[in-house]
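Model the full assembly from the supplied sequences, consistent with the hints where possible.
The sequence shown: position 135 = 135 (the numbering used here), numbered continuously.
Keep in mind the hints are simulated off the structure, nothing from the lab.
Note that the structure is a prediction, hence the values are computed from the model and not measured.
Glycine included, every Cβ here is placed at the ideal spot set by N, Cα and C.
Distance windows between CB atoms, simulated:
hint, residue 1, residue 2, range
1, L77, A163, 26 to 32 angstroms
2, F267, F173, 16 to 22 angstroms
3, F46, N20, 29 to 35 angstroms
4, S67, E26, 27 to 33 angstroms
5, L2, Q218, 51 to 57 angstroms
6, V99, R147, 43 to 49 angstroms
7, Q262, D211, 44 to 50 angstroms
8, E8, N219, 56 to 62 angstroms
9, G16, P229, 20 to 26 angstroms
10, A209, E177, 50 to 56 angstroms
11, A209, P172, 55 to 61 angstroms
Derived lysine-lysine pairs resembling DSS-like cross-links, with alpha carbons at most 30 angstroms apart:
hint, residue 1, residue 2
12, K196, K141
13, K196, K278
14, K141, K190
15, K231, K190
16, K196, K231
17, K141, K231
18, K231, K278
19, K141, K278
20, K190, K278
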Amino acid sequence: DLYFLGNETKCVIHAGAMVNGMFPYEDLYETNVLGTAELLALFAFFFPSVHFVHVSTLGLLCGGVTSEVIPTPTTGLDAKSGYAQTKWVAEQLILLSSVEYKPGMNVRVCRPGVIGGSLRAGACNPNDFVVNLLCGIIQLKQVCLERTPLPSVFNLIPVDFVADVVVTLADPFPPGEVAVFHACAPTLTKLSDIAKWIVRAGLTLCEVAPDDFIRSLQNSVPPDSPLFPYKHDLIARAMHGRSLPSDDDDQLTAIPSTYNTQALIRFPPHLSYQTFEKYLHFFQNHQ
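Encoded structure:
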């Protein structure tokens, strides 16, 4: 019974989404946009006094905006991944609901960066896009850094820090304007630094030119390779000197603000070699 559930529920955490950096907007629209709309409708009618926490993504930031604000501009949004675009639209639905349909609704938005492994054990999502890319180049034993088709930077943040932010946001809070909290790293991790860490850990990883990387992708990436789902797109992008669509690339010089998050919890952790080494151990045990 929805009325009974509404009376018993204190907080709704909306973290459900189809996460795929390669799919276009149209393929993700039903789950990420319509799914949010349906949940907001339930929330407005059956959960009038419940707190609503929406897990979005840092990847939707564009137009030079890095602060914890909503709405964000659309400048450059067309160049973002379909996933980031759907999450931007979902945020607009939340803002619209808070203004037009349920003024003063208790809403908090969490925007994580690229969610990495845990600080304690290094456990990662083995199906994650970034994890597959990193495992793939480790298996290939090659990386292309010059005119690379790979993302050049990552805003990697440990999963347990993101979980702490979301859980803290679920605590009771007074109604008011929709507040945004960035769960992201205070510094970006460059692909070149990750390559150095892989070598430092004792693994073989050679830097190769774009043409050699293309040949390796064509001839040395079998169907069971983590790189296989992205093989043809990587080859196409390497041939044209373009990187994979990374929603972090326009944050090279401007780190997103974490002012609200720092005030709420603590300063987000940097990704260090010691933490990344734990990720590598997890990669090796789950390939």
